[in-house]
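Asks: Dock chains B, C and D with the ligands against chain A, hints included.
Residues per chain, in single letters:
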Amino acid sequence: MLTVNLCGKTLKNPVICASGTFGYGSEYADMLDLSKLGGISSKGLTLVPKYGNEGQRLAETASGIINSIGLQNPGVEHFIAHELPDMLKMDTCILANLGGAGIEDYEKGAELLDATDVHMIELNISCPNVKAGGIAYGVKSESAKEVVSRVRKCTTKPLIVKLSPQAENLVDMALTCQDAGADGLSLVNTFTAMAIDLEKRKPIFNNVYAGLSGPAIKPIALRMVHQVCKAVQVPVVGLGGIASGRDALEFIMAGATAIQVGTANFIKPDITMDIITQMQQWCDKNGVKSLDEIRGIV
Amino acid sequence: MLTVNLCGKTLKNPVICASGTFGYGSEYADMLDLSKLGGISSKGLTLVPKYGNEGQRLAETASGIINSIGLQNPGVEHFIAHELPDMLKMDTCILANLGGAGIEDYEKGAELLDATDVHMIELNISCPNVKAGGIAYGVKSESAKEVVSRVRKCTTKPLIVKLSPQAENLVDMALTCQDAGADGLSLVNTFTAMAIDLEKRKPIFNNVYAGLSGPAIKPIALRMVHQVCKAVQVPVVGLGGIASGRDALEFIMAGATAIQVGTANFIKPDITMDIITQMQQWCDKNGVKSLDEIRGIV
Amino acid sequence: MAITYQKALITANEQMTDTVFLLKAQWSAPTQPGQFFMLRTWDKAPLLSRPISVHNWENGIVEFLYEVRGTGTDLLSQAKAGDFIELTGALGKGFPVENISGKVAVVSGGIGIAPLYYVVRALVQKGCTVDFYCGFRDKPYGLEKFEALCSNVYLATDSGNYGVKGFVTDLLQPEGYDAVLTCGPEIMMEKIAHKAMAAGTAVYVSKESHMACGIGACLACTCKTKGGPKSVCKDGPVFKGEDIYADC
Amino acid sequence: MAITYQKALITANEQMTDTVFLLKAQWSAPTQPGQFFMLRTWDKAPLLSRPISVHNWENGIVEFLYEVRGTGTDLLSQAKAGDFIELTGALGKGFPVENISGKVAVVSGGIGIAPLYYVVRALVQKGCTVDFYCGFRDKPYGLEKFEALCSNVYLATDSGNYGVKGFVTDLLQPEGYDAVLTCGPEIMMEKIAHKAMAAGTAVYVSKESHMACGIGACLACTCKTKGGPKSVCKDGPVFKGEDIYADC
Ligand SMILES: Cc1cc2nc3c(=O)[nH]c(=O)nc-3n(C[C@H](O)[C@H](O)[C@H](O)COP(=O)(O)OP(=O)(O)OC[C@H]3O[C@@H](n4cnc5c(N)ncnc54)[C@H](O)[C@@H]3O)c2cc1C
Ligand SMILES: Cc1cc2nc3c(=O)[nH]c(=O)nc-3n(C[C@H](O)[C@H](O)[C@H](O)COP(=O)(O)OP(=O)(O)OC[C@H]3O[C@@H](n4cnc5c(N)ncnc54)[C@H](O)[C@@H]3O)c2cc1C
Ligand SMILES: Cc1cc2nc3c(=O)[nH]c(=O)nc-3n(C[C@H](O)[C@H](O)[C@H](O)COP(=O)(O)O)c2cc1C
Ligand SMILES: Cc1cc2nc3c(=O)[nH]c(=O)nc-3n(C[C@H](O)[C@H](O)[C@H](O)COP(=O)(O)O)c2cc1C
Ligand code: FES
Ligand code: FES
Chain A
1 MLTVNLCGKT
11 LKNPVICASG
21 TFGYGSEYAD
31 MLDLSKLGGI
41 SSKGLTLVPK
51 YGNEGQRLAE
61 TASGIINSIG
71 LQNPGVEHFI
81 AHELPDMLKM
91 DTCILANLGG
101 AGIEDYEKGA
111 ELLDATDVHM
121 IELNISCPNV
131 KAGGIAYGVK
141 SESAKEVVSR
151 VRKCTTKPLI
161 VKLSPQAENL
171 VDMALTCQDA
181 GADGLSLVNT
191 FTAMAIDLEK
201 RKPIFNNVYA
211 GLSGPAIKPI
221 ALRMVHQVCK
231 AVQVPVVGLG
241 GIASGRDALE
251 FIMAGATAIQ
261 VGTANFIKPD
271 ITMDIITQMQ
281 QWCDKNGVKS
291 LDEIRGIV
Chain B
1001 MLTVNLCGKT
1011 LKNPVICASG
1021 TFGYGSEYAD
1031 MLDLSKLGGI
1041 SSKGLTLVPK
1051 YGNEGQRLAE
1061 TASGIINSIG
1071 LQNPGVEHFI
1081 AHELPDMLKM
1091 DTCILANLGG
1101 AGIEDYEKGA
1111 ELLDATDVHM
1121 IELNISCPNV
1131 KAGGIAYGVK
1141 SESAKEVVSR
1151 VRKCTTKPLI
1161 VKLSPQAENL
1171 VDMALTCQDA
1181 GADGLSLVNT
1191 FTAMAIDLEK
1201 RKPIFNNVYA
1211 GLSGPAIKPI
1221 ALRMVHQVCK
1231 AVQVPVVGLG
1241 GIASGRDALE
1251 FIMAGATAIQ
1261 VGTANFIKPD
1271 ITMDIITQMQ
1281 QWCDKNGVKS
1291 LDEIRGIV
Chain C
2001 MAITYQKALI
2011 TANEQMTDTV
2021 FLLKAQWSAP
2031 TQPGQFFMLR
2041 TWDKAPLLSR
2051 PISVHNWENG
2061 IVEFLYEVRG
2071 TGTDLLSQAK
2081 AGDFIELTGA
2091 LGKGFPVENI
2101 SGKVAVVSGG
2111 IGIAPLYYVV
2121 RALVQKGCTV
2131 DFYCGFRDKP
2141 YGLEKFEALC
2151 SNVYLATDSG
2161 NYGVKGFVTD
2171 LLQPEGYDAV
2181 LTCGPEIMME
2191 KIAHKAMAAG
2201 TAVYVSKESH
2211 MACGIGACLA
2221 CTCKTKGGPK
2231 SVCKDGPVFK
2241 GEDIYADC
Chain D
3001 MAITYQKALI
3011 TANEQMTDTV
3021 FLLKAQWSAP
3031 TQPGQFFMLR
3041 TWDKAPLLSR
3051 PISVHNWENG
3061 IVEFLYEVRG
3071 TGTDLLSQAK
3081 AGDFIELTGA
3091 LGKGFPVENI
3101 SGKVAVVSGG
3111 IGIAPLYYVV
3121 RALVQKGCTV
3131 DFYCGFRDKP
3141 YGLEKFEALC
3151 SNVYLATDSG
3161 NYGVKGFVTD
3171 LLQPEGYDAV
3181 LTCGPEIMME
3191 KIAHKAMAAG
3201 TAVYVSKESH
3211 MACGIGACLA
3221 CTCKTKGGPK
3231 SVCKDGPVFK
3241 GEDIYADC
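As they're listed, the protein sequences go chains A, B, C and D. Residues 1 to 298, numbered by this note's numbering, are exactly what the first sequence covers, in order. Residues 1001 to 1298, numbered by this note's numbering, are exactly what the second sequence covers, in order. Residues 2001 to 2248, numbered by this note's numbering, are exactly what the third sequence covers, in order. Residues 3001 to 3248, numbered by this note's numbering, are exactly what the fourth sequence covers, in order.
These aren't lab readings, by the way, just hints derived from the structure by calculation. Treat the numbers as computed from the prediction; the structure is a model and nothing was measured. The reader is advised that the hints may include incorrect statements.
[Said to hold, decoys possible] As a list, the in silico PhoX-like pairs of lysine-lysine whose alpha-carbon atoms are at most 25 Å apart: (1) K1108/B - K1145/B; (2) K9/A - K200/A; (3) K2207/C - K2080/C; (4) K200/A - K1285/B; (5) K289/A - K1200/B; (6) K2093/C - K2145/C; (7) K1268/B - K289/A; (8) K2165/C - K2080/C; (9) K1230/B - K200/A; (10) K153/A - K108/A; (11) K1202/B - K2044/C; (12) K36/A - K285/A; (13) K1200/B - K2224/C; (14) K2093/C - K2234/C; (15) K1012/B - K1289/B; (16) K2007/C - K1268/B; (17) K145/A - K108/A; (18) K2080/C - K2007/C; (19) K2080/C - K3044/D; (20) K3080/D - K2044/C; (21) K2207/C - K1200/B; (22) K285/A - K1200/B; (23) K1036/B - K2224/C.
Isolated chain A (complex conformation):
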């Protein structure tokens, strides 16, 4: 009943674990049955291995967290050799979340991934925690156009472009990415935010700014997903603060094909199982036989 078709691939349900919050899946394997998930998006990958950011990487806020991980990852090749094979055994849809330090990196990364059995590529042009290659491409539509259309040429896999809430004109950005060849869009990535250590009289993060996620941002993320869904033809994966089946269904009603759960995994490691059950129960109670009946109804 909850099955959805995302860019030609059938997902058991619309609940995907969001990049950077679910490792490579295996970390959670003891605590939930990964094959019950709709999908898993890998930690953000870059062509070259990255240590990520120095200093404190996490701060808690009212109903949210700010992170400054900075795309720590072992590099695309290591991922393909070591993490991906295990992920592909998890019997769920696997998305490789791909970042880059420049367009060529994105291209090479996409080419490498294209040669694997990964199910989809989620192109991250929206990480606020890296200077080059992250959000730099996610603010102005013209920059996004360039990177998306060039990556598009490097892979025949379904290509989902992950948008930033900092896009100057989000709807224009979404349309631009669609026109540049994206098969789908996911939004939102984190909001650029800040925290200050009063006693030290300094920013908490070495980079000064970092990314806010969690239930705090849900109302804004939902609005953005709604705006984008009204404008584009390609499927949209909605995320930002989803922590319950009701939250997830709001995004579906706003038009999302699937949803992702990020920060909420830290509230309860098997919260995705609750979310799936709650969605199921709501549909049962309300006589909804397929999510298609309510998708975009609002």
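Replies: Leaving out everything else, chains B, C and D with the ligands in the frame of chain A:
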């Protein structure tokens, strides 16, 4: 010790009650000594009285609220005749928060206010809840330029322009308003957000979108205030989710001259008194004799 | 009376039914029938305090009768005698007891019963004859106190397991009453008000709305009245039927 | 051992000092000395669970010794026997008890004492001789249990009201020990590690970091080690001194 100078006026402390959350001050008079406040910004005023929006006007979110009041107010003339005289007796800095349905309305409103004893005008070009005259001017710098420079000609009072977090390019917007004659800037107004009633399968608000405020948005608001303070010369009034003395001090360290408290007034009606005391205590404990020592230190 | 915000000692928080509780707290300042308080027994989440009517106020104790509907009322139900509760109040304009006399019908639907006990007490005290009409989904609660004061208690339930099966709106014949007072679901109050107005009987309704401040500052709770926009929290929650349901 | 997330029954939550509490909960699966759990006794706020080390694990009861520092630990301190606590664990790599033998110095600073009791127990059990060095700001707590197991207990306090006035780092002479184990403020551990490494004594430190997931998924707790970036939560919290303080 907490006194600050805002656009030439000395405030007892930097704590101003934010527009729309504190009525015209008198509503709170039973519960706190209004003369202890740094200032009060009136409910958003328009030239013509407004009923505001139909339907549900409020929804609660994780650490925030979404409001769709829609600038309900009795009109500038009624304000000047009935509410302002009482406000001016409150022995605190009074800001008239001015909205408009079009540039002429802003101009006429400003002219009328200019002829009163109100201390400052806070020009609201950032209300997400009205179609004309609200956020319409707050997204693109060019539109803001027009309205600010024209209102500037209508008054010699200190003119503070209240910015929207939805500005396409916030720093550019801030610079534009400064150059167009603003004596100060206040930010942020609410974030455009959405809530859905699952059972009704409809948006909660008649206008579909409405404005998110409260502690949830603080980390983003703080980042925006920091960005703007680094760029402009005029004083900045920081707000968005401030609910404690520590929150307030973070905004001061980010560069704000004064701060406003909005949604937090609904947590505890005299929370502003706590905030002032907490700021005082922190300064005492940390040997800070004047906020000038820490303003913009981060 | 001045509105105050203060911590009050909870003296009891009794469970009346599966979902309904009666909380008592120390509150010495006078409150009027139909007024309400903003309540809070939690720190930061949920953000807003919750509006609950005065169920009774006697001997320096204010009582709140409430139904658990969501997060806030659930937290409220977990408070224990000896805990403190943050109260802002007393708020709003209650029933105009001073203007009511003679034979009065008081009509409740579900938890709408909450504000009506205190007003029945006040009416009986000033010499009114009160008939109480109440509707419940199934098992009624808290009726003994009404039975002790009212001339008649008429009961309707959706289930038919108690009293008459059907709607309380059908039980009431407003003719012959000097006034009708009601609190309950919006649709019920509207029906009662229409009936009373058609019969020429004065009618007062106690309205609900989503509230943030409770004191007239935020304009979240505005409703349309004959006299223009009014705040449910400050100008109400009790309104004259004709002011709200103007089309009759 | 598999990591599990489950609700556990709290059997006690005793106040040890003004700010330190000892919470006990049922947990039948084995835990290793130096491991920790993510704890949570609240619903939504604060968002994250809190990492707390295993103070002891015996007879199906896991014990947590914790200091109230902020919102989370404050809420923890309000839990009562009979309440449930959400636990994710046991997490991380603890002290390599199997590789340690002979004469061991265990050094704590403040609440850093928390993970050290369980490891002292394990070391003594396998035949080690343990000296315990501890530093406190002022009044010490929980030492009886260490006195019962250790050959010597050396105490330093900032105030000088108990034991020697000064830093525990000054008390320790690592020469003559086969291993040094330590937990406490970062600066203390660094000093102890340097001293031990200079003396050629094996040293193990239990590190802290801000954590979101506790299981190696979020990469919030990464620290630099000789072997590259490691997650404090998964690859630690216990590390060999030379892996962390590589410049010695
Ligand atoms: C003036 C006034 C007096 C009231 N007196 C009483 C009383 O004496 N006893 C009593 O049980 N209840 C009373 N209520 C209703 C009570 O305030 C709500 O049931 C309560 O706020 C719900 O909070 P919650 O956190 O439990 O539910 P939530 O989780 O916030 O919401 C649960 C459901 O209740 C709805 N709801 C929430 N708040 C309100 C509201 N203010 N008005 C209408 N619907 C709402 C929500 O939309 C949602 O559908 C009164 C309301 C008002 C405005
Ligand atoms: C692996 C591990 C084991 C731990 N074991 C214990 C233990 O056995 N007993 C014990 O009392 N404490 C232990 N801690 C520390 C404990 O997790 C923090 O004190 C607690 O999370 C603070 O939460 P809070 O909500 O009370 O404070 P907050 O309100 O979150 O913060 C209060 C202060 O503590 C700091 N802080 C918060 N979390 C951490 C953290 N994870 N690491 C370092 N500083 C932090 C904050 O920056 C702030 O200055 C351990 C930490 C880790 C990482
Ligand atoms: C710790 C952390 C790490 C993240 N790393 C990545 C990443 O590598 N790539 C990416 O596209 N998004 C990353 N994100 C963003 C999330 O995938 C998600 O877009 C965002 O957190 C909003 O969703 P949420 O509110 O459900 O967490 C990260 C988020 C967090 C909290
Ligand atoms: C109920 C409500 C009404 C508001 N009305 C106005 C208004 O009339 N004019 C205005 O400039 N801002 C208005 N605001 C925005 C606040 O002044 C403030 O900018 C915003 O809420 C962020 O601050 P906060 O998080 O402290 O509430 C309103 C906010 C709320 C919650
Ligand atoms: S609740 Fe704020 S005006 Fe009524
Ligand atoms: S806390 Fe998430 S990786 Fe360590």
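Asks: All hints, please: hold or fail.
Replies: Hint check results:
1. Distance restraint check for K1108/B and K1145/B: the Cα-Cα separation of roughly 17 Å lies within the 25 Å cut-off, and the hinted pair is therefore satisfied.
2. At roughly 50 Å between alpha-carbon atoms, K9/A and K200/A are farther apart than 25 Å, so this suggested pair is violated.
3. With a C-alpha separation of about 29 Å, the suggested pairing of K2207/C with K2080/C is violated against the 25 Å cut-off.
4. Taking the CA atoms of K200/A and K1285/B, the gap is about 14 Å. The hint holds against a cut of 25 Å.
5. Simply put, K289/A and K1200/B have alpha-carbon atoms about 17 Å apart, close enough for the 25 Å limit, and the pair holds.
6. A threshold of 25 Å between alpha carbons decides the hint, and for K2093/C with K2145/C the separation of about 24 Å falls inside it, so the pair holds.
7. A threshold of 25 Å between alpha carbons decides the hint, and for K1268/B with K289/A the separation of about 45 Å lies outside it, so the pair is violated.
8. Distance check on the hinted pair: K2165/C and K2080/C sit about 36 Å apart at the alpha-carbon level, beyond 25 Å; violated.
9. This hinted pair checks out: K1230/B and K200/A have alpha carbons roughly 20 Å apart, not beyond 25 Å.
10. Simply put, K153/A and K108/A have alpha-carbon atoms about 11 Å apart, close enough for the 25 Å limit, and the pair holds.
11. Annotation: proposed proximity of K1202/B to K2044/C is violated, straight-line Cα distance about 28 Å (limit 25 Å).
12. As the CA atoms of K36/A and K285/A are separated by approximately 21 Å, the hinted pair is consistent with the 25 Å bound.
13. With a CA separation close to 23 Å, the supplied pair K1200/B and K2224/C stays within the 25 Å bound.
14. Taken as a hint, the K2093/C and K2234/C pair is honoured in the structure, with Cα atoms around 7 Å apart against an allowance of 25 Å.
15. Simply put, K1012/B and K1289/B have alpha-carbon atoms about 14 Å apart, close enough for the 25 Å limit, and the pair holds.
16. Proposed proximity of K2007/C and K1268/B is supported: the alpha carbons are some 11 Å apart, at most 25 Å.
17. Among the hinted pairs, K145/A with K108/A is consistent with the structure: their alpha-carbon atoms are about 17 Å apart, no more than 25 Å.
18. For the hint pairing K2080/C with K2007/C, the CA-to-CA distance comes to about 14 Å; that is within 25 Å, so the pair holds.
19. This hinted pair checks out: K2080/C and K3044/D have alpha carbons roughly 21 Å apart, not beyond 25 Å.
20. Of the supplied pair hints, the one linking K3080/D and K2044/C holds, its CA atoms being roughly 21 Å apart against a limit of 25 Å.
21. Annotation: proposed proximity of K2207/C to K1200/B holds, straight-line Cα distance about 22 Å (limit 25 Å).
22. The straight-line distance between the Cα atoms of K285/A and K1200/B is roughly 14 Å, inside the 25 Å bound, and the hint therefore holds.
23. Our distance criterion of 25 Å between C-alpha atoms is broken by K1036/B and K2224/C, whose separation comes to about 35 Å.
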